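Colleague: Quick mapping for you: the protein sequence lines, in order, are chains V, E and H.
Each step along the first sequence adds one to the number in our numbering, with nothing skipped, and position 134 is 134.
Each step along the second sequence adds one to the number in our numbering, with nothing skipped, and position 162 is 162.
Each step along the third sequence adds one to the number in our numbering, with nothing skipped, and position 17 is 17.
Please note: incorrect hints may appear among the correct ones.
Far from chain E, by Cβ distances over 10 Å, these chain H residues were calculated [to be verified]: (1) GLU132; (2) ILE142; (3) SER161; (4) ARG262.
Here are a few chain H residues that face chain V, going by a calculated C-beta distance under 10 Å [unchecked claim]: (5) ILE116; (6) ASN126; (7) ILE130.
Not close to chain E: a few residues of chain H, all C-beta gaps over 10 Å, as computed [unchecked claim]: (8) GLY54; (9) PHE100; (10) ARG106; (11) ILE149; (12) LEU251; (13) ARG289.
Calculated directly from the structure, the hints in this document are not laboratory data.
Remember, predicted model here, so these are calculated numbers, not experimental data.
Virtual Cβ for every residue (Gly too), placed ideally from N, Cα, C.
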Amino acid sequence: MYSLQGIGKSFGGIDVLKDISLTLKPGQRLGITGANGVGKSTLINIATGFLKPDSGYIQLNQKTLTHQPAWAFAQAGIQRTFQNTRFLTSATLGEQLLLAARAPASKRRVAKLIELSGLRASLHLFPDEIPLPVLRKAEVIRGLAASPEVLFLDEPSAGLTASELEQFGLFLQQFLGQKTALVVVEHRVDFMDMVTDSVVQMQHNRGLVERGVDVKT
Amino acid sequence: MDMLQTSIDGLMVGSTYALLGLSFALVFGILRRINLAFGACLLFGASVAIYLEPILGWGAWGLFLVTIVGVALASVYVERLCFAPHSKRHGAVTAMVASFAVWMQLDEISSQLLPQRTHAFQGIEMPNFWWGEIFVRGDQLLHFVIALVSIVVLYLLLYKTRLGLLIRATADSPETAHLLGARVPWLGFIIFLLAGILGGLAAFMILSADGYVTPLFGLWSTFKGLIAMIIGGVGSLMGAVIGGLILGLVETHAGAVLGAEFRDMVTFGMVFLVLIIRPGGLMGVKIYRTDTLAQERV
Amino acid sequence: MDIYLASVLTNMTLIAFLALSAYLVLVVGEVSFGQQAFFGIGAYITASATALAGAHIFWGLLAGAIGGASCALLLGLLTIRLSGLYFAISTLCFAELLRFFLLQLRFTQSIDGRVIGPDGPEGFSNIRWIFENHYEVADFLILAVTCLIILLIGLFSLERSPIMLGARMVGNDPILAQSQGLSPTRYRLSFIALSGAVAGFGGGLFALFNTHIEPAMFGVMLGLHGLAYAVIGGLGSVIGPLLGVFLDIGLLESIRPLAAYRMIIFGGLVALLLVFRPEGIISPRLVSRLKSLWRNRHV
Numbered sequence: 001m002y003s004l005q006g007i008g009k010s011f012g013g014i015d016v017l018k019d020i021s022l023t024l025k026p027g028q029r030l031g032i033t034g035a036n037g038v039g040k041s042t043l044i045n046i047a048t049g050f051l052k053p054d055s056g057y058i059q060l061n062q063k064t065l066t067h068q069p070a071w072a073f074a075q076a077g078i079q080r081t082f083q084n085t086r087f088l089t090s091a092t093l094g095e096q097l098l099l100a101a102r103a104p105a106s107k108r109r110v111a112k113l114i115e116l117s118g119l120r121a122s123l124h125l126f127p128d129e130i131p132l133p134v135l136r137k138a139e140v141i142r143g144l145a146a147s148p149e150v151l152f153l154d155e156p157s158a159g160l161t162a163s164e165l166e167q168f169g170l171f172l173q174q175f176l177g178q179k180t181a182l183v184v185v186e187h188r189v190d191f192m193d194m195v196t197d198s199v200v201q202m203q204h205n206r207g208l209v210e211r212g213v214d215v216k217t
Numbered sequence: 001m002d003m004l005q006t007s008i009d010g011l012m013v014g015s016t017y018a019l020l021g022l023s024f025a026l027v028f029g030i031l032r033r034i035n036l037a038f039g040a041c042l043l044f045g046a047s048v049a050i051y052l053e054p055i056l057g058w059g060a061w062g063l064f065l066v067t068i069v070g071v072a073l074a075s076v077y078v079e080r081l082c083f084a085p086h087s088k089r090h091g092a093v094t095a096m097v098a099s100f101a102v103w104m105q106l107d108e109i110s111s112q113l114l115p116q117r118t119h120a121f122q123g124i125e126m127p128n129f130w131w132g133e134i135f136v137r138g139d140q141l142l143h144f145v146i147a148l149v150s151i152v153v154l155y156l157l158l159y160k161t162r163l164g165l166l167i168r169a170t171a172d173s174p175e176t177a178h179l180l181g182a183r184v185p186w187l188g189f190i191i192f193l194l195a196g197i198l199g200g201l202a203a204f205m206i207l208s209a210d211g212y213v214t215p216l217f218g219l220w221s222t223f224k225g226l227i228a229m230i231i232g233g234v235g236s237l238m239g240a241v242i243g244g245l246i247l248g249l250v251e252t253h254a255g256a257v258l259g260a261e262f263r264d265m266v267t268f269g270m271v272f273l274v275l276i277i278r279p280g281g282l283m284g285v286k287i288y289r290t291d292t293l294a295q296e297r298v
Numbered sequence: 001m002d003i004y005l006a007s008v009l010t011n012m013t014l015i016a017f018l019a020l021s022a023y024l025v026l027v028v029g030e031v032s033f034g035q036q037a038f039f040g041i042g043a044y045i046t047a048s049a050t051a052l053a054g055a056h057i058f059w060g061l062l063a064g065a066i067g068g069a070s071c072a073l074l075l076g077l078l079t080i081r082l083s084g085l086y087f088a089i090s091t092l093c094f095a096e097l098l099r100f101f102l103l104q105l106r107f108t109q110s111i112d113g114r115v116i117g118p119d120g121p122e123g124f125s126n127i128r129w130i131f132e133n134h135y136e137v138a139d140f141l142i143l144a145v146t147c148l149i150i151l152l153i154g155l156f157s158l159e160r161s162p163i164m165l166g167a168r169m170v171g172n173d174p175i176l177a178q179s180q181g182l183s184p185t186r187y188r189l190s191f192i193a194l195s196g197a198v199a200g201f202g203g204g205l206f207a208l209f210n211t212h213i214e215p216a217m218f219g220v221m222l223g224l225h226g227l228a229y230a231v232i233g234g235l236g237s238v239i240g241p242l243l244g245v246f247l248d249i250g251l252l253e254s255i256r257p258l259a260a261y262r263m264i265i266f267g268g269l270v271a272l273l274l275v276f277r278p279e280g281i282i283s284p285r286l287v288s289r290l291k292s293l294w295r296n297r298h299v
């Protein structure tokens, strides 16, 4: 239901992405790994509408989103987290999560998630007063508020210890929901094995390949 | 021939605008800040110079020296009070408003020093001459030469010295420069000092060419500097110079053809069009910075 | 009430409109040097409506607000790709161009033996609404304050709604805003237009109070003052700009003995204040903190 086809992107004459394709079914859990600089960030940015591809198209449930602004992607149900968790510094966590939940159903969902993941104690704090593991969870909750079609996680392991990461993985497993597809862009393979069904590897000039396939440099 | 005369006049006045634009371009290009107190610093320097003139009795060269020193001092004061405390990325607006407050302050001080509406500003006595059918004012020619020399000196400073390299590196990427050992904190001080010196030069040239100074000079020169910088391409030093010259040319021609009233309108209209059509100015400065995440505007 | 005091308070109220309009633009993350233009347009429109067309004050002020909003919207559309310094300078140019337009505007009529209507640089005199309706200074003060209060009630409910937080998000981090499904462009245009309406309305009141307006009154300094009040008072709440207005005009009027050195002291004090309170006195964080302390007061 979500598909990326033939995506190409080059910067200053250098092809960062060439003919990348990806299809996601509801509830699918996919991991994307790859070396630094291979284009993972570019791919996430394009997949979530923050960067426009030079070629190819993006579709969600038959609707073409390719050249829509990023906010249209978000409204259509494509959510993401950021490598450096993005929150306003001048509003409390509670206020910001509240903003993400506009419909009453979303509000209930967010409230439940907050309770179950023990975030209630942090609601009145500002993001810069909150430890990173909690913020990462909060970012996911924010992303899940409107019951998205797809949730992209951008390097969620950055800055987390092994045990915090495991905690985060358990949190994802518990709260993700059946309908939402998940794409984790990461380099910590153990974490990805925990939360995803399959992992593909992004390789320079070869696109997304099944893991375990011969890697040629 | 008339057009040539107007053009020559335009270039003369444009060279002073170039210096004004350079001052703004230095501060914005390297520090990403707008100093609204700039014009007020110029007015302050000129006011101090006129005030001290009877006491020092050094004549026009005394005005020259004191103006530059006065402007430089005011500039550094502004930097310390308004810009150094707000050097983080999001501090831009706060710093600007703080500089606006100091603009008011300096303007008031200048009014105290020069209570009358206009004051005479003595220029350097230079012979005027004819170059074919073109009339050239000797003092304006001198100013043009001084402006040229200053620009060359600035260029040498920025591109041929280690200090200049540090400055340019910091402009591109403060974090990297810091890692490389550039002591970033005093950078603001140096830049504002340079901008002040250039501004002081420009102030002296403009005021001595006009022969008088009024309280409106501060606002006026702030406008000119900003506009010169925008036309040429914000932050680009070469752009500011070219922008200043073009501003001088357009303004002088517009004034000759349409009269003084419409002259300013043409100037603002031109800047507005530049911003809407080609915000990067003549040099095509990129106003969008490619971030790792997405296209973030500068 | 002492006429002098009433005048000062009325001026504060009128400038408050300008400061609030600057605030609305700051909230979406932009700086405008041009709000005085919308103030001026509002002034001319309201003056024309009441003095030339004999309209009721309500329609006159409404027309001023709509005029301000339209001009602001036009500016917003023209500058849709711009932000930061570029946007700020273009607002300045736009404002000056509008002022030049007003300098050229001449449309006078003779009514009851008086020359009424915009007359280029001479301005627009004989805006006689307050005389015809027998408004003393104190009466007009009540009118102006009432209007301001109504506006504040509207803005307060805006503050409490997700719209304002969305606007702040657009202002602080447009990328985050987009990821939350908010269109930065729509928020910008809406708030810019709203700021134009507020400034236009204030300008209309100004025209009625002053009975004479001219283009020179709507120069860049006026707008810069409004901007400064918003920044100094703080961007955390609509009270911020009001506080800024009060601090300058209110407090400083009281330091009459030091009148000559007023700006020297005040200018330095403001810069100093900003060193310690960069986001203004009533900063967004302060407001957020107070709000959650209030909410959790029983915990």
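Colleague: For each hint, tell me whether it holds in the structure or not.
Modeller: Hints versus structure:
For GLU132/H, the requirement that its beta carbon stay farther than 10 Å from each beta carbon of chain E is met, with the minimum near 35 Å. The Cβ of ILE142/H sits about 32 Å from the closest Cβ of chain E, beyond the 10 Å cut-off, so the non-interface label holds. Annotated as non-interface, SER161/H keeps its C-beta farther than 10 Å from every C-beta of chain E; the closest such distance is 25 Å. Against the 10 Å criterion, ARG262/H falls within the reach of chain E, whose nearest CB is about 8 Å from its own CB.
A least Cβ separation of about 49 Å between ILE116/H and chain V goes past the 10 Å threshold, and the interface hint is therefore violated. With 10 Å as the threshold, the beta carbon of ASN126/H stays out of range of chain V, its nearest partner Cβ sitting at about 48 Å, so the hint is violated. Given hint, ILE130/H at the interface with chain V, is violated; its Cβ is 43 Å from that chain's nearest Cβ, farther than 10 Å. Under the 10 Å C-beta cut-off, the non-interface status given to GLY54/H relative to chain E holds; the minimum distance is some 33 Å.
Residue-level check failed: PHE100/H sits 4 Å from the nearest beta carbon of chain E, not beyond 10 Å. Interface exclusion of ARG106/H from chain E stands, the closest Cβ pair being 14 Å apart, more than 10 Å. Even its closest Cβ contact with chain E, about 27 Å, leaves ILE149/H beyond 10 Å, as expected for a residue assigned away from the interface. Against chain E, the non-interface label of LEU251/H holds: every CB pair exceeds 10 Å, the least being about 14 Å.
Against the 10 Å criterion, ARG289/H stays outside the reach of chain E, whose nearest CB is about 18 Å from its own CB.
Hint compliance for this structure: hints 4, 5, 6, 7, 9 are broken, all remaining hints hold.
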